[in-house]
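Colleague: Listed below are the residues making up each chain.
Number of protein chains: 2
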Amino acid sequence: MAEQKADEVVTAAFLVIGDEILSGRTKDKNIGFVADYMTSLGIDLKEVRVVLDDKSDIADAVNALRNRYDYVFTSGGIGPTHDDITAESVAAAFDVPLNLDPRAVAILEKHYPPGQFTPARQRMARIPEGAELIQNKVSKAPGFRIGNVHVMAGVPSIMQAMMDAIAPTLRTGTKMLSETVSADLPESRIAERLAAIQDAYPDTLIGSYPKASDGKFTTSIVIRSRDENILKAATEDVARAVAEISG
Amino acid sequence: MAEQKADEVVTAAFLVIGDEILSGRTKDKNIGFVADYMTSLGIDLKEVRVVLDDKSDIADAVNALRNRYDYVFTSGGIGPTHDDITAESVAAAFDVPLNLDPRAVAILEKHYPPGQFTPARQRMARIPEGAELIQNKVSKAPGFRIGNVHVMAGVPSIMQAMMDAIAPTLRTGTKMLSETVSADLPESRIAERLAAIQDAYPDTLIGSYPKASDGKFTTSIVIRSRDENILKAATEDVARAVAEISG
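Which chain is which? The protein sequence lines are A and B, in order.
Counting from 0, one number per residue, gives the positions in the first sequence under numbering that gives the first Met the number 0.
Counting from 0, one number per residue, gives the positions in the second sequence under numbering that gives the first Met the number 0.
Hints are computed from structural coordinates only; laboratory data are not their basis.
Heads up, some of the hints might be wrong.
A pair holds if it fits inside one copy or across any two, identical chains being indistinguishable in the list.
Said to hold, decoys possible - In silico DMTMM-like pairs for lysine to aspartate or glutamate, Cα to Cα no more than 20 Å straight-line: (1) K136 - E108; (2) K174 - D6; (3) K26 - D43; (4) K215 - D236; (5) K231 - D6; (6) K28 - D163; (7) K136 - D198; (8) K54 - D6; (9) K174 - D202; (10) K210 - E7; (11) K136 - D213; (12) K28 - E128; (13) K139 - D213; (14) K136 - E7; (15) K139 - D202; (16) K215 - D69.
Quantities reported herein were computed from a predicted structural model and do not represent experimental measurements.
Bound-form chain A, shown alone (with noise of 0.2 Å):
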């Protein structure tokens, strides 16, 4: 169909940075946040990677996700301790030099009293050659965007508040729309129905997610579309399917 083949697809990965999630010492709050956030942008999360604070695990992670999609979004490692080497791992990533940034410099000296810009806080000036700063209304401390790379903070708040400044400078696509059908039925009921309206629907994505509690299985049935005439077409014949199945 000539609209569905207008709609503009804008893709995007995310890439956290750090050992304490894969220890599990922290349990990661920024995927959920980071996908929300691209569907409400019309930007189409791809992949999501984890790696460890190791230099060539995130320039390789780096590398692999840029060339593949429009945006990378990282988050974690640019804080001022040894452990904290995102900034270097993207400016080898990008072959560039990693310099003190007069920039950042200006902004963290400010913030800080005189004498308290130490050499620890000295790290977080440091920005990959070529960069844009990104700003941090939290701790001031900047974030940076290179290229189609954007590196963010992992504290929460402050990544929260890196994405709001760079979200005005993304290019869009169509929005992904979506309606949720829940059924009352283990997802094996409604199995060949549901394929049946996906092949009738292929610009739909549609999903089915059971659940289990106290041992009985429930399904939701997310029909996904860019085209709202198309949604509500798939989005009835599931929910009729369904109410058929229940009787």
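Assemble chain B onto chain A, guided by the hints.
Modeller: Chain B in isolation, oriented as in the chain A frame:
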């Protein structure tokens, strides 16, 4: 140090499969569980990826991860509906046929009332050739292991039961031990001392995790090592540094 070199390190990656995580519709609960589980077993979780329900995305991720790590665990996409394509994607990654597996058929035929083992439910008995089944105590439909790849359900209660079934079959390494020191300080004030302690104890991993609440920053310092004595000594040094700087 000789005893450090004798440590056995076993590595793993976790692959989360599902559009619903990337759209934000479902908030992942499996990454944190698997991270904790691997740490408790003595397996180093090195990487996590989240990919769409897309055959080539899944197969590419499985192949990248299985060649790099000792074990791969996946969650999601093994149910009865059209959007569950993990089994066929993993079969494609290993270039083996995907057929109805007599062992899986036997389990599911017994589970459903006579005549209720429908074509949709038979999808759950399709297992890549050469795979072993993974028991599912919750809802019967099995997962499977092929090579070093363990394919599990996405519903957390089922995934967790499958992990318990897999655990006794896994080779494990020397456990990574950890201690945490809480500091009522922003991490930039302790950064230089931590870097020096990290340098003094190369057989530890020292991580610094800031937390923002009500505009105030505190820090958790996590010291990790496979050697109990080294861990104790490094932790004491960190605690002393925090006390001196707080003092």
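Colleague: Could you run down the list of hints and mark each one as holding or not?
Modeller: Status of the hints after comparison with the structure:
no.	hint	verdict
1	K136 - E108	within (15 Å within a copy, 59 Å between copies)
2	K174 - D6	within (9 Å within a copy, 51 Å between copies)
3	K26 - D43	between (24 Å within a copy, 16 Å between copies)
4	K215 - D236	neither (25 Å within a copy, 52 Å between copies)
5	K231 - D6	within (18 Å within a copy, 59 Å between copies)
6	K28 - D163	within (16 Å within a copy, 25 Å between copies)
7	K136 - D198	neither (48 Å within a copy, 33 Å between copies)
8	K54 - D6	neither (38 Å within a copy, 23 Å between copies)
9	K174 - D202	within (13 Å within a copy, 49 Å between copies)
10	K210 - E7	neither (33 Å within a copy, 38 Å between copies)
11	K136 - D213	between (45 Å within a copy, 14 Å between copies)
12	K28 - E128	neither (30 Å within a copy, 38 Å between copies)
13	K139 - D213	between (47 Å within a copy, 15 Å between copies)
14	K136 - E7	neither (32 Å within a copy, 45 Å between copies)
15	K139 - D202	neither (44 Å within a copy, 34 Å between copies)
16	K215 - D69	neither (42 Å within a copy, 36 Å between copies)
Going through the hint list in order, the structure does not satisfy hints 4, 7, 8, 10, 12, 14, 15 and 16.
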